[in-house]
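Numbering follows numbering that gives the first Met the number 0, in which position 120 of the sequence shown is assigned residue number 119; successive positions increment by one, without gaps.
Derived from the structure by calculation, the hints contain no laboratory data. One should not assume that every hint holds.
[Said to hold, decoys possible] Beta-carbon label-pair distances, calculated as ranges:
(1) SER104 - SER12: 32 to 42 Å
(2) ASP105 - GLU36: 55 to 65 Å
(3) THR94 - ALA69: 21 to 31 Å
(4) LEU183 - GLU43: 16 to 26 Å
(5) SER104 - GLU8: 37 to 47 Å
(6) GLU43 - GLY128: 23 to 33 Å
(7) GLY165 - GLU35: 14 to 24 Å
(8) GLY23 - SER104: 36 to 46 Å
(9) ILE188 - GLU35: 33 to 43 Å
(10) ARG85 - GLU8: 23 to 33 Å
(11) PHE14 - SER195: 23 to 33 Å
(12) LEU98 - PHE14: 35 to 45 Å
(13) LEU32 - GLY200: 34 to 44 Å
Think of the CB as a built atom: it goes at the ideal place given N, C-alpha and C, for glycine as much as any other residue.
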Amino acid sequence: MNIDIAVLELACSRFCHDLISPIGAVNNGLELLEDEEDPALVAEARGLAERSAKRASALLQTYRCAFGNAGNQAGFGLGESLKLARDFLEGARVTMGSLPAVLPSDAPAGLGKLLLLGVMVLAETLPRGGTIAVTFAGEGATAGFLLAGEGPQVAAAEESRNGLAGISPAQLDARNVLPFFAGLSAQRIGYSLTLSQGQNGRIELAANPRSA
């Protein structure tokens, strides 16, 4: 599979943009710890550094599995994906709803990665916050999932839909590079991703085997 360098450039820009804030906050917290003697301010600075380090770690782990080879491994299953998705959204306006008690067995390698990317894509269409619910269907090679997002506003759905469908590298930008990569990842494991927008702030992303 050939990927234009523009995809890599935009993805790297996204990583750096998202990581600058928490890493910078860690640095600020450590500087305050060095210079401050007031116990209350020391505790505040320590808390800032700890929270920011936790956020940076969650982002790095998410990107490692969503964009790296770790997400393609058989050991990265749906349960691990859902845990990372929750960690990724912690503190954000969008939250994960109640998770299914039972997950599909013997799901194809790479489906966990696709699920994580799907949550990230859907979260970006809910700029004013909301919830994302996940349901599964099928077992083994026929396993699929449906992500349903609800919030007061749905935005950038058309850009996400176009990215999932596959657009030319010349049309890539910061808004559609994530769904574009998700579409490539789905294609790689023989799946399709379909985004549909309903009424009353509802948007859905379905993943199913192409042969289904």
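Hint check:
1. Taken as a hint, the range 32 to 42 Å holds for the pair SER104 and SER12, whose Cβ atoms sit roughly 38 Å apart.
2. The hint said 55 to 65 Å for the Cβ distance between ASP105 and GLU36, and at roughly 58 Å that hint holds.
3. Distance hint check for THR94 and ALA69: the Cβ-Cβ separation is about 24 Å, which falls inside the suggested range of 21 to 31 Å.
4. For LEU183 paired with GLU43, a C-beta distance near 43 Å fails the hint of 16 to 26 Å.
5. Against the hinted window of 37 to 47 Å, the Cβ-Cβ separation of SER104 and GLU8 comes to about 39 Å, which satisfies the hint.
6. The supplied range of 23 to 33 Å is met by GLU43 and GLY128, whose beta-carbon atoms lie about 26 Å from each other.
7. With their beta carbons about 52 Å apart, GLY165 and GLU35 fall outside the hinted range of 14 to 24 Å.
8. In this structure the hint that GLY23 and SER104 lie 36 to 46 Å apart at CB holds, the actual value being about 43 Å.
9. In this structure, ILE188 and GLU35 break the distance hint of 33 to 43 Å, their C-beta atoms being roughly 51 Å apart.
10. Range check, ARG85 to GLU8: about 29 Å between beta-carbon atoms, so the 23 to 33 Å window is met.
11. Roughly 29 Å separates the CB atoms of PHE14 and SER195, a value that falls within the hinted 23 to 33 Å.
12. Judged by the Cβ atoms, the range 35 to 45 Å given for LEU98 and PHE14 is violated: they are separated by roughly 27 Å.
13. At roughly 43 Å, the beta carbons of LEU32 and GLY200 sit within the given window of 34 to 44 Å.
Going through the hint list in order, the structure does not satisfy hints 4, 7, 9 and 12.
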